[in-house]
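Student: Here is how the chains run, residue by residue.
There are 2 protein chains.
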Amino acid sequence: MGKSTIFFKNKPRIISTYTIAGPKEAQANVGKFIHETLIDDRFGEDTFEKAECKMLSSCIQKAIKNSGKSLNEIDALISGDLLNQIISASFAARDYDFSYIGVYNACSTIVESMSLAGALVDGGYMKNVVVATGSHFATAERQYRYPLELGSTRPPQSQWTVTGAGAALVSTDGIFPKILSATFGKVIDFGVTDANNMGAAMAPSACETLVTLFNETKTSPSDYDLILTGDLGALGTRLLKILIEKRGYTIDNHVDCGEIVYNIKEEEYQGGSGAGCSAVVFNSYIYDKLLKGEIKKMIFMATGALLSTVSTQQGESIPGISHAVVIES
Amino acid sequence: MGKSTIFFKNKPRIISTYTIAGPKEAQANVGKFIHETLIDDRFGEDTFEKAECKMLSSCIQKAIKNSGKSLNEIDALISGDLLNQIISASFAARDYDFSYIGVYNACSTIVESMSLAGALVDGGYMKNVVVATGSHFATAERQYRYPLELGSTRPPQSQWTVTGAGAALVSTDGIFPKILSATFGKVIDFGVTDANNMGAAMAPSACETLVTLFNETKTSPSDYDLILTGDLGALGTRLLKILIEKRGYTIDNHVDCGEIVYNIKEEEYQGGSGAGCSAVVFNSYIYDKLLKGEIKKMIFMATGALLSTVSTQQGESIPGISHAVVIES
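Chains as they are written, first to last, in numbering that gives the first Met the number 0: chain A, 0 to 328; chain B, 0 to 328.
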């Protein structure tokens with residue numbers, strides 16, 4: 000079998016991060032760790048799409064600034080988002096005079112980006128690579144589901160797309176959290192067809208990538224202080240635990256960004272989702288714990304649901320994909 | 000300044016390719032080099048989107064078969080397409096039991112994929128990586144422009160989206176065309192707002208990447224037997240030549256895939272476009288010339304226009320991005 004895990008000899012480091020999130024996200028427990036929270040989720044722009052793009056662009060700029068590097072030292076941006084043709088990422092990249100590598104694997108894009116940045120930096124091809132992803136509740140709702148003005152009732156298995164963005168600078172220098180390896184996921188399809196049930200669509204791929212990671216890195220759950228997943232939500236988390244127990248693993252040290260990004264009320268049902276969910280939680284709250292040494296070694300696995308309105312209308316099921324990195328403080 | 004060009008020490012090789020195209024593409028001069036041409040552009044499927052996905056998946060399978068490798072030896076697929084949420088690539092990836100890395104940079108996706116595959120193979124992270132992209136006239140028209148049933152008149156600056164897909168296997172083994180370097184482009188915006196004029200939107204970025212490539216590889220146009228661009232079309236090609244002359248270069252050895260993919264009739268106006276355009280031409284006609292040694296050293300630069308229907312509706316201009324690889328036979 001081909002290998003899914005790649006190992007980094009030079010241990011590329013995450014030398015700085017920056018996060019921005021909306022007013023709703025600011026109220027949650029994780030809120031106080033977010034670098035910048037918005038009072039207005041339009042961020043002063045005339046459309047939500049432009050606000051999403053501005054969040055991404057601001058995160059890129061400020062992650063670079065936080066690192067002490069100048070814009071001139073950056074080799075490339077790897078970025079993607081949930082909008083058609085990843086316009087938020089592409090238009091954010093327009094603000095910068097360095098190379099742009101656009102990627103898309105739904106909500107697993109942040110770890111996909113980090114993994115590719117790791118390889119480009121570790122292999123000596125580039126020195127400083129910024130990775131960034133984001134999402135916006137209002138743009139995701141109207142693109143994937145219904146216009147907000149329609150006031151549709153949300154079903155109980157649904158999650159709430161996070162309004163937020165996160166960026167990180169992957170580089171070789173300094174004493175910072177290191178990326179040890181990256182495990183690229185496969186597309187896994189259990190035949191889920193409910194576009195409101197992202198947790199069920201993604202859990203099988205999360206299980207598959209995690210088992211592959213344990214096998215290929217010769218580790219087990221107890222080797223990690225934390226196994227962090229992207230946005231499975233409460234229901235997806237339960238499904239992951241059931242699935243992975245059948246494969247012989249118990250993951251008591253598991254936390255899902257979707258479960259902690261809100262202090263879950265009825266409105267959000269299963270918790271947060273979106274490419275911004277794990278980008279915001281990892282690059283604020285979790286990165287802080289890595290810097291302080293409160294987490295020594297962890298898995299960061301972002302999970303994505305592969306669908307479009309067209310694939311759903313044509314009766315396709317919703318496969319999932321999950322990418323994971325191992326990070327050491 | 001950060002560097003845009005990365006150099007490959009171990010010279011990853013393109014050890015096999017496969018291409019599929021529609022009935023219209025089969026009639027052109029390049030047609031006889033295409034591995035498989037369709038009589039029915041639905042490819043036996045009930046929707047054009049499913050046909051696009053099937054072309055991609057078939058190309059992946061047959062490029063691997065052509066290489067003599069088994070499916071078990073493949074480490075990853077890097078793929079993207081023009082549909083919202085790159086569903087063709089993601090659903091094609093579902094057919095395979097190896098890792099999937101989804102990418103999107105519009106019609107420059109094929110070279111973006113090849114560049115990333117080059118780095119993953121050259122750096123020793125992976126052994127065999129398949130890259131694949133495609134497009135379909137019918138799916139692109141209805142997503143980006145108008146329903147085909149409307150019978151809209153096409154303006155003279157427009158191009159015709161290629162129905163086709165191409166895949167290549169990037170690996171370390173054997174005596175095959177080598178990738179020497181990759182130059183990742185920047186997002187360049189000259190303020191073009193006409194979504195029918197892709198050539199004008201992309202030409203400035205093509206110029207920028209080409210000049211960067213010459214500077215960073217310390218070469219000039221005469222060092223190459225061929226400078227192949229993706230899908231600038233006839234108008235875009237003229238614009239590129241004007242722009243690059245102002246930067247001090249003459250590129251007489253330039254050919255554009257969009258110009259040669261059809262025997263241009265009035266219907267196609269400026270020629271072919273789409274992520275399938277360069278994927279089909281390079282992986283059939285041009286790869287054949289590389290294998291035979293008729294081309295010794297060339298630049299393959301795919302050009303992309305970054306837009307969505309939403310960005311256009313919100314009054315945004317259309318920036319371009321172009322990625323380039325240097326290939327030696």
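Incorrect hints may appear among the rest.
[What the hints assert, rightly or not] Quick list of simulated restraints, FRET-style, between CB atoms:
(1) 214(A) with 287(B): 36 to 46 Å
(2) 314(A) with 154(B): 48 to 58 Å
(3) 192(B) with 292(A): 47 to 57 Å
(4) 174(B) with 237(A): 16 to 26 Å
(5) 262(A) with 71(B): 39 to 49 Å
(6) 311(B) with 0(A): 25 to 35 Å
By construction, these hints were calculated from the structure, which means they are not laboratory data.
Heads up, the beta-carbon is just placed ideally off N, CA and C, and yes, glycines get one too.
Student: Now tell me, hint by hint, if it's right for this structure.
Tutor: Tested hints:
1. 214(A) with 287(B): 36 to 46 Å: This hint holds: roughly 41 Å between Cβ atoms.
2. 314(A) with 154(B): 48 to 58 Å: 35 Å, violated
3. 192(B) with 292(A): 47 to 57 Å: Roughly 52 Å apart at Cβ, these two residues keep to the hinted range, so it holds.
4. 174(B) with 237(A): 16 to 26 Å: 53 Å Cβ-Cβ, so the 16 to 26 Å window is violated.
5. 262(A) with 71(B): 39 to 49 Å: Between residue 262(A) and residue 71(B), where Cβ atoms are some 47 Å apart, the hint holds.
6. 311(B) with 0(A): 25 to 35 Å: Hint violated: Cβ distance 44 Å, outside 25 to 35 Å.
Of the hints listed earlier, those the structure fails to meet are numbers 2, 4 and 6, in rising order.
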